[in-house]
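Protein sequence lines correspond, in order, to chains A and B. By this note's numbering, the letter at position 46 of the first sequence is numbered 46, and the numbering carries on one by one without gaps. Just remember that this note's numbering sits 1000 ahead of the position in the second sequence, which is counted from 1.
Be careful, since some hints might not be right.
Claimed, not checked - Simulated pairs of lysine-lysine, PhoX-like, Cα-Cα distance not exceeding 25 Å:
1) B:Lys1089 / B:Lys1118
2) B:Lys1118 / B:Lys1164
3) A:Lys41 / B:Lys1118
4) A:Lys41 / B:Lys1176
5) B:Lys1164 / B:Lys1091
6) B:Lys1176 / B:Lys1164
The hints are simulated quantities; they were obtained by calculation from the structure and are not laboratory data. Every value quoted in this text rests on a predicted model; they were computed, and no experiment measured them.
So the chains spell out like this:
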Amino acid sequence: MRLEPAGASLTSESANGAVNAEAWRRGELAEWHRRRLLERKLHDGAAMRASALVLRLGVLRELVPDGNAPLLEGIDDVQDELHLMLDELREVAAQIYPPLLEEAGLVPALRELVTQLDAPVRVIAGPHAQTRFGDAEPAIYFGLADGLAAAARSGRPVEIVLRPAVSAGGRELLVSVTGVGPEVGEALLDRVQALGGTVESGETTEVRVPCE
Amino acid sequence: MLLQAAGHEVVAVAAGGDELRELLATTPADVAVLDIRMPPEPDGGLTTAERLREVNPEMGLLFLSHYAESHYLMRILRIGTESIGYRLKEKIGSVEALSDTLARIEAGEIVIEPVLAKRLVDRPGAQRKDAVATLSERELDVLRLMAEGRSNGGIAAQLFVSAKAVEKHIASIFTKLDLHPDASVNHRRVLAVLRYLRSQRDED
C-alpha cells in the first residue's frame, strides 16, 4: 500500500503544484540547516563552557587546604551537577541534530542510535556504510528515530537495509524496514514527503528518497 | 592547568594537529592528548593520531571529546589497541581521574569511557550474536570491565572476587571466543574486547 501525504495534493502536475512542492522542499532543507547551526552553537557555547568549568573546579580542588572536607565535598557535588548538565545538553543536542549525522553520515548515526534503543535493531548497509546520502540523511534519520521509539517497545527484531539507487530523476536512497508496524512508515512519510520521497507500507516498509 | 596540578609536565601545546606533529617531532612526550574535533577539521584528532602513531608507536594517545560514540571508538581502536584512551572531557576533571587515565595509558592499557563500554555491552534487547552469546553473565561482567581497559586486579576489585577467579573467567572467555593461545595475553584481551564490541554492532 502506498502511503499518501495528508491534505492537498502536492504531487499535482499543475505548475502551481510544482512551485509549492519546490517551496516545501526548500523550507524543509532550511529547517535542517537551522538545526545544524543550533546544535553547533550549543556545543561551542554552553557545552564547552560547562566542561571547561569541570576542569577549572578540578584545579581549584587541588588548592583546598588539607582537612577541609566540606569544601572538597562541595566541589565534588558541583562537578557531579555539571556532569548531569552536560548529559542533558548532549541529549538535547542529539534531538536537534546528532553531531555524528553531520560528521560521519547516516549509517554511523543510525548505528549509534540503535545501540541506545532498548530493542534488537540491525542496520545493514553492505558496502555503503560510509556513503553519504545528502538531503535524505536527516529525513530518514529523524523519521526512523521517531518511528522506532514506538516499534522498540514491541521487542520484535527489526532490520533496516539501506542502499543507493539511480532512477530517471537522479540518485536515490532506498530504505527497507522489516519487523515494524505502520507507525514507522507514517513517521518516515512525515519526513520524506517534502523531499519528494515515497513510502510503501506492507510486510516491509519501503522508502525511496531522492538525494541531492 | 589541571595537568600541571596533577604533577605532569606539559612539554608542548598546539592549536591544531599539524602544529602538534611538528612540535612532537623535536620534543619527546609520553602521551599526546588530542581532541577528536581538533583542526584540520572535521575529525583532525584521528588523522593526527594515526600519523603520530606511525612516527612514534611508543607514545601514548589520549582522545578527549564532548561525545562518547562507538563510531569513533572503532576508528580509535583501528589506530591502535595499546597505550590509547578515549574519554569524555568532563570526566577527567579531577587530578585523580586524569592521573589514573594517563598512568594506565603509559602502562600500555586501553582506557575507554566507562559509559561507552557499558552502553556497548549492556544493550538489553539486542541479540548477542555467535560466540559472545555463549558467555555467562559473570563472564560478560568481566568482559565489560576488560572493554573499559581494566587490569585483572582492577576487575577483581570491581567485582569483589579474587584475581584468581578473574583469571579463570578470562581463560574461559578466551576459549569460548576461540582466541589463539599462542597470541600474547594482552593481545588476546584486545581481541576479546573487539570481538565483543563487534558482536554488539552490525559491521556487515
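Structure-based check of all given hints:
The suggested pairing of Lys1089 of chain B with Lys1118 of chain B holds, with an alpha-carbon distance near 18 Å, which does not exceed 25 Å. Restraint check: the Cα-Cα separation between Lys1118 of chain B and Lys1164 of chain B comes to about 24 Å, which is no more than 25 Å; the hinted pair holds. Note on Lys41 of chain A and Lys1118 of chain B: the hinted pairing is violated, with a Cα-Cα distance of about 29 Å set against a maximum of 25 Å. Between the alpha carbons of Lys41 of chain A and Lys1176 of chain B the distance comes to roughly 47 Å, so the proposed pair goes past 25 Å and is violated.
Taking the CA atoms of Lys1164 of chain B and Lys1091 of chain B, the gap is near 31 Å; set against the 25 Å cutoff, the hint is violated. A C-alpha spacing of about 18 Å is found between Lys1176 of chain B and Lys1164 of chain B, which places the hinted pair at or below 25 Å, so the restraint holds.
Figure legend: structure checked against the earlier numbered hints; hints not met, in rising order: 3, 4 and 5.
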